[in-house]
Each structure stands twice: as structure tokens, then as C-alpha cells.
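Visitor: Sequence:
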Amino acid sequence: MRSIENRLELSRLLEKHCIRSFADAIQLASTGVQPDIILKKHCRLKLLTAHRKGFRGSDQLNRLVEEQLSIRGFVPPSEAWYIGRPVLITKNNYDLQLFNGDIGVVLPDNEEPGITRVVFPKIGGGWRQIHPRQLPEHETVYATTIHKSQGSEYEHVIIVLPETFSSILSRELIYTAVTRATTKLEIWGRKEILKEAILYRAQRVSGLRDQLSRFNAVE
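If you read the sequence shown in my numbering, its first letter stands for residue 1, the second for the next number, and so on.
If a hint is listed, it holds; no wrong ones were tucked in.
Below, a list of computed lysine to any residue pairs in the SDA-like style, where the Cα atoms sit at most 25 Å apart: (1) Lys-122 <-> Thr-31; (2) Lys-53 <-> Ser-3; (3) Lys-53 <-> Leu-13; (4) Lys-191 <-> Asn-62; (5) Lys-16 <-> Arg-63; (6) Lys-40 <-> Gln-68; (7) Lys-184 <-> Leu-199.
No lab work stands behind these hints, which were simulated from the structure alone.
Using the sequences and the hints given, assemble the complete structure.
Guide: Structure, rendered in C-alpha cells:
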């Protein structure tokens, strides 16, 4: 486990362990490769949190990641719809056939130079381009909440624990986060918070100890 004492330390951890992977996906988006390759690249690493708001929440982590990317020249300053940005839909829009949990990526328009679109996979295959102004509620998704990650898998998962224990943390939530990882798992935060979460059960979940041991995430 890696401890986090303040915002600066969190920013340094992101710089050391995450930014290169996210930057690779952004650079790949500028090469004209198929959207599925870019989305797979974005799914190699995901930051998972218990909360959306507050320090160590997914909103804050996404802002910190974008700050780091901008400082290093991978993202244009003050450019919201930069090429390679991963976008998560958070509210259903039946007219556009976009639903909560859908993930797309910002890419250059195929027919209009200098214009960007958000590209989503079609049901049954293929891709469609949506103008950013048409999107329903959405957010950047380098980091997301554990709840929103259900049903997804990532090669490398980093669980960022909150500063203090809250009732949203439970054995079940940690189990969900751990089982999103296919290859590598890290946990950032205080070991005491993790222990409290594991001891707090909303309902019985077996196998958590085995899953943590599989990744050697807790020493």
C-alpha cells in the first residue's frame, strides 16, 4: 500500500504511476488508429474511488490527471474537448441511444478538419460520432467510482481510499474494486481504512482475501 498525506503527494503518485499510460492513449488517438484500440489503451489502467466528490474522489483525480497531462504538453491548456479524452456517459439519452456507463473517446471528425467528435461503439458493431454539445450528462474517466466500474475489467487497477472511513466503504465495495483488475492491483491510502472497510459487511462476500493475495496488494 502507498500512503497519501496531502494533495501534492497524491499528484506525485499520479505522475509516477499513471501519467505515462494515459499520455500513451492520448498520443495514440492522434495517429488515426481505430477507436477500439484507443479505448483498449485507456482500459489498461483505471483509478477507482469510493466517492465522486472531495479530496481523493474521482472528480478531483480526473482534474489532477488533466493538470499533469497539460503541464507535460499532452493536453492543450483550457481545451475541454482535446483529442484522446475518455468520456463516460452518466445519464441515459434514448434519442441518441447513449446510456449511463457508455464510454467514448474524443477524436477528429472524419469529414470536417479541425472539428472533434466523441466516438462511441455501436450496438452490433461499428462506430458513431456525436458532437460534444449533443452529449447527455457525462464526465472524464481516467478515474471513476467503484460503483460505476461494475461490469468492467482493467489490466491495472489503483484503488484510492478516502481519508476517513465512511459507511459507503464495505467489504463488498472493496471486493468489487479488486475484481475489476485482471493483472495488477495497487491500493493507495491508509491500511487502517482498508481494514475497517473489509470488516464492514453489508452482506456476505467470500474470496476477498484470496483476491488481495493474488495481487500482493497489501503487505
